[in-house]
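Peer 1: FYI, the numbering for the sequence shown is -17 to -1, 1 to 286, going by mature numbering (1 follows the signal peptide of the UniProt record, and there is no 0).
In short, the hints are calculated from the structure, not lab data. Accuracy of the hints is not assured; some may be wrong.
Unchecked claim - Cut-off 25 Å, straight-line C-alpha distance, at most; resulting in silico cross-link-like pairs (SDA-like, lysine to any residue): (1) 44 to 27; (2) 25 to 37; (3) 29 to -16.
Remember, predicted model here, so these are calculated numbers, not experimental data.
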Amino acid sequence: LLFHLLGLAFKTALVAGAADAGQLLYVCRLLLGVSFMFCGLKFVLKLRAYQKFGPFINMMKALFWADLLPFLVAMFLFLVVCSGVFFHALLTPGNQLYTASGSVLRVNQTQLYWDIYLRPLLLAFGELRYDSLAGCLDGEDNSQGCPHPNGLRAYTGGLMHVYLIVVNLLLINLLIAKFSLTVSVKDANGFVTWRRYRYQLLLEFEVINTLPPPVNVPSILLDWLLRCLAARPAAAAGRSNATADEDDGVELRATAAGADGPRYLQDAAASAFKLVQAVALRTPQRRRETLRRERGAGVFTDE
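Let's have the full structure, built from the sequences with the hints guiding it.
Peer 2: Next up, the structure:
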């Protein structure tokens, strides 16, 4: 809704006339596109209420949060922090590229960061860039510059293949195995999960406000105020009723005891006193002080 309102505001300014109409039109279309994307995602989540789509969407959510997100974090650390920095130090030490004539070219700082990120990522998906690297190995002149010769031979000779084995055979297959395990577990409980979500959705629509936002803000505040005002008398009445019920229960049991009724009341009072005393003696310091006073008064011996 926020992106949609911003897009409409820019569209209104564009219709009214602006100095930089081309750039403003691009920003307007971008904001409306983002709002449409979020609207589509929200519509997909609303399909969870249907039996055909609910278990499938719940399974996708579990796969993303339980398996894919930790895998992406691990892959980012391995690809960028480890492999990307290592390949950069191996191929372009000192941010330098070399030509066949022996001259040195400096690497742009922005291009350097992109190479650190993109080289291991593209290599993991099979983009080896071997054509340009083969020309550098053969000694051909390259105006763009070539990596360090020793590092290039080590990279193409074995390090690239080890990297592909670790990423493609180990990590990606591990992710597929995790996906398979999660799907098998969630598929067994998919219908139960969908029924639970549908029940929660019905409860939500039972108490939800029928007005659309932001028109429903005054109504929500009014409902909250009325609920708070109604909760105070109910809580006070509940406490008084609970106390009265306890007293009535003690008197009823004492009446049922007949001749032993007074003794029953005394036992009930003694039990209540012991309960209060036990609560008061919960801390070790109070317990030690009480035991010290009772020993001094001769209430009981150490035995």
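Peer 1: For each hint, tell me whether it holds in the structure or not.
Peer 2: Do the hints match the structure? See the list:
no., hint, in the structure
1, 44 to 27, "holds, 11 Å"
2, 25 to 37, "holds, 14 Å"
3, 29 to -16, "holds, 19 Å"
In terms of the numbered hints stated before, the structure departs from none.
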